[in-house]
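Asks: Chains X and U are the protein sequences, given in the same order. At position 86 of the first sequence the residue is numbered 86 (the numbering used here), and the sequence of numbers has no breaks. With the second sequence counted from 1, adding 137 to any position gets you the numbering used here.
No wet-lab data here; the hints were simulated from the structure. In this text, all values refer to a predicted model and were calculated from it rather than measured experimentally. Be aware that a few hints might be false.
Example chain X residues on the side facing chain U (calculated, C-beta under 8 Å, incomplete) [to be verified]: (1) R48; (2) Q50; (3) G55; (4) S57; (5) W69; (6) A71; (7) H87; (8) E89; (9) Q91; (10) G92; (11) L94; (12) T98; (13) S108; (14) S112; (15) L114.
The C-beta atom is built at its ideal place from N, Cα and C for all residues, glycine as well.
The residues making up each chain are set out below.
Protein chains: 2
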Amino acid sequence: MVSERGNDAERRRQVEIDAVAAANREFYDNVESGDLEAVLDAWEHSRRVQCTHPGWSVIRGWDEVGGSWAAILQSNHVPQFLLTNEHVEVQGDLAWVTVDENLLGQNSVTVSALNLFARHGDVWKMIAHHASVVSSG
Amino acid sequence: MVSERGNDAERRRQVEIDAVAAANREFYDNVESGDLEAVLDAWEHSRRVQCTHPGWSVIRGWDEVGGSWAAILQSNHVPQFLLTNEHVEVQGDLAWVTVDENLLGQNSVTVSALNLFARHGDVWKMIAHHASVVSSG
Numbered sequence: 001m002v003s004e005r006g007n008d009a010e011r012r013r014q015v016e017i018d019a020v021a022a023a024n025r026e027f028y029d030n031v032e033s034g035d036l037e038a039v040l041d042a043w044e045h046s047r048r049v050q051c052t053h054p055g056w057s058v059i060r061g062w063d064e065v066g067g068s069w070a071a072i073l074q075s076n077h078v079p080q081f082l083l084t085n086e087h088v089e090v091q092g093d094l095a096w097v098t099v100d101e102n103l104l105g106q107n108s109v110t111v112s113a114l115n116l117f118a119r120h121g122d123v124w125k126m127i128a129h130h131a132s133v134v135s136s137g
Numbered sequence: 138m139v140s141e142r143g144n145d146a147e148r149r150r151q152v153e154i155d156a157v158a159a160a161n162r163e164f165y166d167n168v169e170s171g172d173l174e175a176v177l178d179a180w181e182h183s184r185r186v187q188c189t190h191p192g193w194s195v196i197r198g199w200d201e202v203g204g205s206w207a208a209i210l211q212s213n214h215v216p217q218f219l220l221t222n223e224h225v226e227v228q229g230d231l232a233w234v235t236v237d238e239n240l241l242g243q244n245s246v247t248v249s250a251l252n253l254f255a256r257h258g259d260v261w262k263m264i265a266h267h268a269s270v271v272s273s274g
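Required output: the full structure, derived from the provided sequences and hints.
Replies: Here you go:
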């Protein structure tokens, strides 16, 4: 019985990890395809959200964070990338993902990201994103 | 009664925020003073810990994360800095802090950091650290 319960817990944990990983990938898919509405919808719209774009200072609150993504997706510099090295952790109603964004194109660089998610019912919403360029040197 | 309960909740919340802010500042104080034992003790010693130093890829697990801090503190490049722009969020047994590390000295730069903490009884332990240089340009 104990081991069956253990297996159930492990299965539930894996379902959660898969759901967070899917939310994380979907976020990047929507960035890549320039789907601003979906990118904005991926975030929790609250005062507590925070975002550090590569080379930027942190910005806080939905107005600023949402505005930054709108500016990026409405520019001519929508990034294309491959995601590698994903790792998901879940604890309770929070989850965090580390992932490498391998940018394609002329300035091919790798960006290391830490993304924080909060559970909203069956949906995981992004509440923090910190991304930084990995030095090539 | 309702408003008194609301005040109690708000007070408890502020106590939690203060405890996380103190843990975060103590971590940096110990980095600055080169107290390796205290820096290592500030972290949860587990497989789930993750750390992205400025310009680095993410490293995972206590062996690697702890080893990276040992290497930094045993080098001749222990950073000195002023902390500004701190902001703490707490949800349940997890908390996260964004803060600017304003490095002093010849190469004065600002580093933007996102630090994730988990509650261990009365103590908040670091479980993730992502730091990146803010572009001066």
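Asks: All the hints need checking, so say for each whether the structure fits it.
Replies: Hints, one by one, checked against the model:
The closest approach between the C-beta of R48/X and any C-beta of chain U is roughly 5 Å, which is under the 8 Å cut-off, so the hint is satisfied. Interface hint at Q50/X: satisfied, since its Cβ lies 5 Å from the closest Cβ of chain U, which is below the 8 Å cut-off. The beta carbon of G55/X is positioned within 8 Å of a beta carbon in chain U (closest approach about 4 Å), and the interface hint is therefore held. The restraint placing S57/X at the interface with chain U holds, with a minimum CB-CB distance near 5 Å, inside the 8 Å limit.
Annotation: interface hint on W69/X violated; nearest CB of chain U at approximately 17 Å, more than 8 Å. For A71/X, the interface hint is violated, the least distance from its beta-carbon to any beta-carbon of chain U being 16 Å, above 8 Å. The beta carbon of H87/X comes within 6 Å of a beta carbon in chain U, closer than 8 Å, and the hint placing it at the interface holds. Interface hint status for E89/X: upheld, as the beta-carbon distance to the closest one in chain U is roughly 5 Å, under 8 Å.
Taken as an interface hint, Q91/X checks out: its beta carbon lies about 6 Å from the nearest beta carbon of chain U, inside 8 Å. Below 8 Å, beta-carbon pairs count as interface contacts, and G92/X has one with chain U at about 5 Å; its hint therefore holds. Among the interface hints, the one on L94/X holds; its C-beta lies about 5 Å from the nearest C-beta in chain U, closer than the 8 Å criterion. A least Cβ separation of about 5 Å between T98/X and chain U falls short of the 8 Å threshold, and the interface hint therefore holds.
The criterion of a C-beta within 8 Å of any C-beta in chain U is not met by S108/X, whose closest approach is roughly 15 Å, and the hint is violated. For S112/X, the shortest C-beta to C-beta distance to chain U is roughly 5 Å, which falls under 8 Å, so the interface hint holds. Interface hint at L114/X: satisfied, since its Cβ lies 4 Å from the closest Cβ of chain U, which is below the 8 Å cut-off.
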